[in-house]
Amino acid sequence: MATGRVIVVTSGKGGVGKTTTTANLGMALATMGEKVALIDADIGLRNLDLILGLENRIVYDIVDVVEKRCKLRQALIKDKRMPNLVLLPAAQTRDKSAVTPEQMKELIADLQSDGFGFILIDCPAGIEQGFRNATAGATEAVIVTNPEVSAVRDADRIVGLLEAAELRNPSLIVNRLRPHLVKNETMMSVEDVQEILNIKLLGIVPDDEAIINSSNRGEPVTLHEAAKSGQAYRNIARRLRGEEVPFLQFDEGGLMGRIRRFLTGVR
Amino acid sequence: MFAFLDRFLSRSEASRDTAKNRLKLVLMQDRSVIPPAVLERIRAEVLAVLHRYVEIDQGALELNLDRSEGSVALLASVPIVRVREDAAQLLAEAVAAEAATGDASTTGAELAGGDADGAVEVATVETPDAVAGTAAEAEASSEPATEVAAGDAQADEASLARPAGEAALT
Chain A
2 MATGRVIVVT SGKGGVGKTT TTANLGMALA TMGEKVALID ADIGLRNLDL
52 ILGLENRIVY DIVDVVEKRC KLRQALIKDK RMPNLVLLPA AQTRDKSAVT
102 PEQMKELIAD LQSDGFGFIL IDCPAGIEQG FRNATAGATE AVIVTNPEVS
152 AVRDADRIVG LLEAAELRNP SLIVNRLRPH LVKNETMMSV EDVQEILNIK
202 LLGIVPDDEA IINSSNRGEP VTLHEAAKSG QAYRNIARRL RGEEVPFLQF
252 DEGGLMGRIR RFLTGVR
Chain B
-17 MFAFLDRFLS RSEASRDTAK NRLKLVLMQD RSVIPPAVLE RIRAEVLAVL
33 HRYVEIDQGA LELNLDRSEG SVALLASVPI VRVREDAAQL LAEAVAAEAA
83 TGDASTTGAE LAGGDADGAV EVATVETPDA VAGTAAEAEA SSEPATEVAA
133 GDAQADEASL ARPAGEAALT
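Chain order of the listed sequences is A and B. For the first sequence, the residue numbers in our numbering are 2 to 268. For the second sequence, the residue numbers in our numbering are -17 to 152.
Possibly wrong hints are sitting among the right ones.
[Unchecked claim] The list that follows gives simulated cross-link-like pairs (lysine to any residue, SDA-like), each with its CA atoms no further than 25 Å apart: (1) B:Lys6 to A:Ser151; (2) A:Lys81 to A:Ala228; (3) B:Lys6 to A:Gln195; (4) A:Lys36 to A:Ser98; (5) A:Lys229 to B:Ala79; (6) A:Lys14 to B:Ser(-6); (7) A:Lys79 to B:Ala55; (8) A:Lys81 to A:Gln232; (9) B:Lys6 to A:Lys36; (10) A:Lys201 to B:Gln11; (11) A:Lys184 to B:Gln11; (12) B:Lys6 to A:Ile128; (13) A:Lys184 to B:Val15; (14) B:Lys6 to A:Val150; (15) B:Lys6 to A:Leu77; (16) A:Lys184 to B:Ser(-6).
Simulated from the structure, these hints should not be mistaken for lab results.
Please put together the full structure from these sequences, using the hints given.
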């Protein structure tokens, strides 16, 4: 039996970019030839389908699978752009108790035996049942945070809870970094956040208008070569595959950077 | 540049540093939360150890977390009724037993009889994982207020250690 990697993308706090991160890492890994399954574990508040542009193709969802109304394969939505990427959508009209940790583990085992090399789980915000379900079958964890006090505090709590759930050594993605604010000393730097949380850094994603655009269109930003955030996600995907990739450098604090920001309208 | 001038003129700290410092403080508190069930267990185990040597007013025992100046301490106030007559004898036996098993970790313990109508302060800083095995490295003398440190090797790291969370404690 194939042993695909099972990675939960979590954060504690809502709105830090878990779903966008899951969508982009899945897409980037698929682009690199990996067979990828994305699970939307945010039952009742499904959004991963929307970010991926697959919302019109949902017939069955994760609850239909665990309640045996359909086969797992029937519920998986194949991405049009990248046939080796599939999505298992969340149910929209049920709540977090509709799936148990045991059912989640079974489901993941089935995906693994279907040959998926990467199974990414989009975890709901919070630390209750939804979090426990989403982490139940995972063997690795990625914590997404923003350089902002409440997001970092929640991330710290998540590190503790993951440890208790035997998910050790989570890695960190610092999302929505605004380099010129760091330069101004009005935003914590990646180093600041990492020093406080003291876990391995997996990637840095700059705040990027291109993300809003790509969410609007349902096209993950990683499909766009030019976007800096897309580059960041591709780098993270490569690191997940074991490659050594240097972290992006953002030097927008100088005069040229400010002129560029002025001209491009990027804050 | 304006941010710099503004700070220079108003002499206020950069908000980045304020954020970092506030986070460090609040996380120290978050990470040092000991669930009531664990606290109760510490209380029972500390009592059991002390009870071997001294008679304790159990109802008046206080056990609190104390956070001050960047460190966290577990403070216990234990009113002693009287020291057991056979305390010295018990100690001698314990030391002999340990010497026999080759475990010399508590041979430093000293206990003297006499007037002990005071409170023994027990300060222990432990991560919840380590609590189950709370070692009694007891050091007591006849002075009214005595400090007993348990697990002091971990004290430095404890304030930075995260609580293991509910799942590990139930």
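Quiz item: When you check the alpha-carbon spacing of Lys184 (chain A) and Gln11 (chain B), does it fall within 25 Å?
Solution: violated, 29 Å
- Does Ala79 (chain B) lie within 25 Å of Lys229 (chain A) when you go C-alpha to C-alpha? violated, 68 Å
Lys79 (chain A) and Ala55 (chain B) were given as a pair; does the straight-line alpha-carbon distance stay at or below 25 Å? violated, 55 Å
query = When you check the alpha-carbon spacing of Lys6 (chain B) and Val150 (chain A), does it fall within 25 Å?
reply = Holds, at roughly 10 Å.
Check your understanding: Is Lys6 (chain B) within 25 Å of Ile128 (chain A), Cα to Cα?
Key -> Roughly 21 Å between the alpha carbons, so the hint for Lys6 (chain B) and Ile128 (chain A) holds.
Measure nothing beyond the straight line between the CA atoms of Lys14 (chain A) and Ser(-6) (chain B); if it is 25 Å or shorter, mark the hint as holding. The hint is violated at about 29 Å.
| Taken at face value, is the distance from the CA of Gln195 (chain A) to the CA of Lys6 (chain B) at most 25 Å? | With a Cα-Cα distance of about 12 Å, the restraint between Lys6 (chain B) and Gln195 (chain A) holds, given a limit of 25 Å.
Would the hint linking Lys81 (chain A) and Ala228 (chain A) be met if the CA-CA limit is 25 Å? holds, 22 Å
*Quick one, are Lys201 (chain A) and Gln11 (chain B) close enough, alpha carbons at most 25 Å?*
Within the cut-off at roughly 23 Å; holds.
For the pair we were handed, Lys81 (chain A) and Gln232 (chain A), check the Cα-Cα distance against 25 Å.
-> holds, 22 Å
Self-check item: Hint consistency between Lys6 (chain B) and Lys36 (chain A) [alpha-carbon to alpha-carbon, up to 25 Å]
Solution: This hinted pair is violated, its Cα atoms lying about 41 Å apart.
Pair hint Lys6 (chain B) and Ser151 (chain A), alpha-carbon separation not exceeding 25 Å:
Answer holds: Lys6 (chain B) to Ser151 (chain A) is near 12 Å, not above 25 Å.
Of the numbered hints stated above, those contradicted by the structure are hints 4, 5, 6, 7, 9, 11, 13 and 15, listed in ascending order.
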